[in-house]
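Both chains are sitting in their own frames, so use the hints and assemble them into the complex.
So the sequence lines, in the order shown, correspond to chains A and B. Residues are numbered in the working numbering as their position in the first sequence, beginning at 1, plus a constant of 238. Residues are numbered in the working numbering as their position in the second sequence, beginning at 1, plus a constant of 71.
It should be emphasised that the hints constitute simulated quantities derived from the structure, not laboratory data. Even glycine gets a Cβ: it sits at the ideal position worked out from N, Cα and C. Be aware that a few hints might be false.
[What the hints assert, rightly or not] Computed list of chain A residues with no C-beta within reach of chain B, every gap over 10 Å:
1) Gly250
2) Pro255
3) Asp256
4) Asn280
5) Ala298
6) Gln314
7) Pro328
8) Asp400
9) Ala409
10) Asp547
11) Asn553
[Said to hold, decoys possible] Below, in silico cross-link-like pairs of lysine-lysine (DSBU-like), each with a Cα-Cα straight-line distance of 35 Å or less:
12) A/Lys377 <-> B/Lys188
13) A/Lys425 <-> B/Lys80
14) B/Lys188 <-> A/Lys390
15) A/Lys524 <-> B/Lys175
[Stated by the list, open to error] Only some residues are given here: those of chain B computed to face chain A with a beta carbon under 8 Å:
16) Ala95
17) His102
18) Phe139
19) Ser157
20) Ala199
21) Asp201
22) Leu212
23) His213
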Amino acid sequence: MSPTEFKPVLLGRVGKPDSQSLATYRADGGYEALAKSLKMANTEVIDLVKNSGLRGRGGAGFPTGLKWTFLPKDVQGPIYLCINGDESEPGTFNNRVLIEEDPHQVLEGIVISSFATRATTAYFYLRYEYGRCYRALQKAVDEMYANNLLGKNILGSGYDLDIYLHRGACAYICGEETGLIESLEGKRAWPRIKPPFPAIEGAFRRPTVVNNVETMACIPHIINHGAEWFQSMGVPKDPNNPRDAGSYGPKLYCISGHVNKPGLVELPMGISARDLIDQHAGGVWKGRKAKAVIPGGLSMGFMTNAELDTPLDFNGPGRVGCLGLGTAAVVVIDDHTSMVDVLYNACRFFAHESCGQCTPCREGTAWSTKILERIREGKGKLSDIDLLMEIANSIGTIPGTTICGLADGAAWPIKTAINKFRGEFEEYIKSGRRSESLALAGAH
Amino acid sequence: MSELSENAKQVIAEHLPRYPSKQAVTLPALHVVQQERRYVSNKAMEEIAELLELSPAQISDTASFYGFFRTEDNPLGQKRIWVCRSLPCMLRGGEELLAALCEKYHIVPGQTTADGKLTIELAECLGACDGAPCILLEDELHLRCSLEDVERIANEPNAPTKKA
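The shape of chain B in the complex, shown without the other chains (with noise of 0.2 Å):
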């Protein structure tokens, strides 16, 4: 049984004619994994490698280099949000609002609460200093967020998914 989704073979095939090269589809390829898993096994890896005419430690070592890719045993919650602890938004509370926001559902930054709902990140600047402190959820940035905006945007039901 292949562990890519039709839908992810066909992502990966149409990005093929965009590049010289077939390793130029490893993040394009590793993105739409991990938005349809919550994470990148090793044998989607080795099943993108086959692919793109790689070692799958090709793979490995691009999706590793990246802070961002989780492996299998350790996937993402439904959803993500990364509070930014950079310097504009730690001068407004950036620092406080992640310490916060760990404590209410008890993990620390990296880790998924218990009911695989929501994991916690810390993020170095998201580009949004103007609305610090600011959260990305997923891949939408809110500005200026209280830990009740937070909590609210954890709890909302149907959050934006992603789409490739």
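Isolated chain A (complex conformation) (with noise of 0.2 Å):
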């Protein structure tokens, strides 16, 4: 299936009077991939999922059907699905859309979804931000209960389920996965050693799915029309690598930044980034060029204008020295912007959301941010240069050195800042000027 043909299938409702509603859901097919799910077994859900190749949308990309079969078998006692509504990542902000303009497609996914790893009980984890979302999706909620579709006997099939929605407080780590769980067990957020996986012991110790709200709302129209169909778009396997499991089906690409038309695209899986901003974004502003460009939110790091080729699906960011694909959130800087600023803002974002647990990503990513207020403030000396790189390689799970990925995340923008731009560090660094832009501090 090539762009051009492409018809949105998650944002396909968006814009439509009165989206939100359970009666024009209903009208266009809504709750009949619910129905068609409830007269399978649930392994048979489970097998439609893996078949499809829908990999998880939230920014690692693991196989969801794959995920869900961790589960144990003959698990007596509860098993929870919980769903990662805590969308932070620098760019992103393909759930927010889904969710406020569309939460019955998301909240079908669900009810698909705990039906399949048979959870009994789904909590909603939402980022206390989003305050239109959890409006829309309470009231979506209440619409359920009163028609059957959450509760005791759901459309008489005797299966039972509640969803409890659970606003968080404004913290960057509760979008990890363990993060997650212990913020909604009333903790603090910090991410838990694995193993134990989720799968096994995770929300209240009990065995426990956690899946982003994107990967939810793929459910419900892979129920409707096949695993075929959802592998009939995005990129195959690469044959020459039996680890690579694909990059299929619809794909939300969010746009920001220095571009004409900042917005929400849905398309194949796969399509370049050049193309993304030229054909669907209006091209970069102001008739300037791309200097650098984020593939899918800022802890994947930097591509050159030169890298805009690459394929925007699992694997294209990666062969560009990327961390991967990440949450396919584009952010676009112009060839006015320096990337010493820019590095800037990334470390201080890290710094300010690394939950403190492990010190080499506590105190990485608050030296680095000093490093670069010092080069900012014209005090830089080149040496500085490999010393925020010798912090990047320090950090993170691919070290080893920490307990979640947030760090890699820390790492990989100056990874890629330096050793695609490392010539604008040391020229900026020689001149000795100051930044134009000195950010404020906050008081606390």
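This is how it looks when you write it as structure tokens:
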């Protein structure tokens, strides 16, 4: 299927009048996938999702059906499904639009996924900032209870499910799945050491699946149209790489930064960053050129202009030194912007959001920010560049020094900025100039 | 005299059956108290702890982890406005917006105006990068904001108050 023939799937109902209501959702065929699923065996639903090749949309790209099979068999007692709606990766807003505009699509996916995993309670963890989403979801959940789509004996199937909304309190780390679980349990959101993975011991020490909002929105469509339909979109498995799981299905791409038309675009997975910017975001603003582009949220690092033909599938960004596709949130930085200022902003973000549990992350993110502050004040030394790289190479799960991946996300902007724009950093330091945009400090 | 209102106690009681542990009601409890009082006092934390069968230190531990909750000596103003400074907003003037706003109200991020009406906060990514620079008023996002827009939002009477 070529991008020109593509009709939006996940955004298909966005912009329609009253798209949030149960009545319009049902008129558009909503909850037919649920009725169909409830007549299947739960293992059949898992197999269908597994065969579709759906990979998690939250950032790591782990195959969704496979994740579900990690739950222990013949488990006594409750299983939980947690929905990760803590979307906080800079540049990312696809879940916000999905929930605000079409909450029932997400909720139908949650009920089907809960049925497949035999969960009887689903906790929807939603970042506090999404108040409009919260109210849209609560209204939709109330409609579902009133129409036998939640609660006891859903649609006469004998299956029971409750969905509870749980609001966060403005912390990026709650998007890490075990940080989310700790936060849900009422504790500080310190990620857990794994194993045990959540499938074995998650929320309230019970088997738990944590899935992203966009992943849930894909589920009803897979049930309705089948695995082959899902695989007709996107980029097939690399035959030379037996570990590649392919990049199938529709994907929401967020575009922000220096483009004429920032926004959310749905396309089959695999469009290049260049086409996305030129054909779907009105090009770079003010007639300028892109200097650097983030392929999938801040923690993925930077691509140069010369790398913009890279396909934005699960493998593409990694081939040019980025951490991965991440959340497919593309941030465009024009050629009038200083990479020193950009990297400072990135480091400051991770220093602010490090939970403080692991020393390499807590100290590494703080010191990299201080080094960049010094450079921006015109007091940098050339040796600072290598010092930044030394920090970046020492923090994270990839060097094996931290519990979670936040520090890898902090390291990748540093590594890619310096590897790809080293000359700019050297020139900046040698010039001794001060940044034009010195940032404000907070009161706490 | 109880620090928790009847409404707060009711919200806490309604949340208890939703979770297999009482501790999971910590965040919902902290939210309802801060919405009503604009801060969470030590006394309120003690009372929440009693209802959730925890020690007050456990409530304080969680509350202090999130920069979101305010202590008694540092209450929120009547309105709380967060200005996003993360990269997509920074690229489109978020830092300048925050600086202009702080200059206008003679406070630094995190502080409240002397008349107690407005608290300005710096925010990391608010998830509205399609509308950069964006701000958050309580829990409602406002996209593509100029200084004039934020001033208007700050001065509007009857700002939407949050419900639990």
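Tested hints:
The Cβ of glycine 250 of chain A sits about 19 Å from the closest Cβ of chain B, beyond the 10 Å cut-off, so the non-interface label holds. The beta carbon of proline 255 of chain A sits about 21 Å from the closest Cβ of chain B, which is more than 10 Å, so the claim that it is off the interface holds. For aspartate 256 of chain A, the condition that its CB be more than 10 Å from all CB atoms of chain B holds, with the nearest at approximately 20 Å. With a cut of 10 Å on Cβ distances, asparagine 280 of chain A stays outside the contact zone with chain B, its closest approach being about 22 Å.
With a least CB separation of 19 Å from chain B, alanine 298 of chain A remains clear of the 10 Å interface cut-off, as annotated. With a cut of 10 Å on Cβ distances, glutamine 314 of chain A stays outside the contact zone with chain B, its closest approach being about 14 Å. Against the 10 Å criterion, proline 328 of chain A falls within the reach of chain B, whose nearest CB is about 4 Å from its own CB. Against chain B, the non-interface label of aspartate 400 of chain A is violated: not every CB pair exceeds 10 Å, the least being about 8 Å.
Interface exclusion of alanine 409 of chain A from chain B breaks down, the closest Cβ pair being 5 Å apart, not more than 10 Å. A cut-off of 10 Å between C-beta atoms confirms that aspartate 547 of chain A is not in contact with chain B; the least separation is 23 Å. For asparagine 553 of chain A, the condition that its CB be more than 10 Å from all CB atoms of chain B holds, with the nearest at approximately 24 Å. Proposed proximity of lysine 377 of chain A and lysine 188 of chain B is supported: the alpha carbons are some 31 Å apart, at most 35 Å.
Restraint check for lysine 425 of chain A and lysine 80 of chain B: the C-alpha separation of about 20 Å stays at or below 35 Å, so the hint holds. The hinted pair formed by lysine 188 of chain B and lysine 390 of chain A fails the criterion: a straight-line CA distance of about 47 Å is larger than 35 Å. Distance hint between lysine 524 of chain A and lysine 175 of chain B is fulfilled; the C-alpha atoms sit about 29 Å from each other, no more than 35 Å. Evaluation of the alanine 95 of chain B hint against chain A yields a held restraint, the C-beta minimum of about 5 Å falling below 8 Å.
Here the hint on histidine 102 of chain B is kept, as its CB sits about 6 Å from the closest CB of chain A, short of 8 Å. With its C-beta approaching chain A no nearer than about 4 Å, phenylalanine 139 of chain B sits inside the 8 Å limit, and its interface hint holds. A hinted interface residue such as serine 157 of chain B counts as satisfied when its beta carbon comes closer than 8 Å to some beta carbon of chain A; here the least separation is about 4 Å, so the hint holds. Taking 8 Å as the C-beta contact cut-off toward chain A, the hint placing alanine 199 of chain B at the interface holds, the least distance being around 6 Å.
Because the smallest distance between the Cβ of aspartate 201 of chain B and any Cβ of chain A comes to about 5 Å, under 8 Å, the interface hint for this residue holds. The criterion of a C-beta within 8 Å of any C-beta in chain A is met by leucine 212 of chain B, whose closest approach is roughly 7 Å, and the hint holds. For histidine 213 of chain B, the shortest C-beta to C-beta distance to chain A is roughly 11 Å, which exceeds 8 Å, and the interface hint is violated.
In summary, the structure is inconsistent with hints 7, 8, 9, 14, 23 from the numbered list given earlier, while agreeing with the others.
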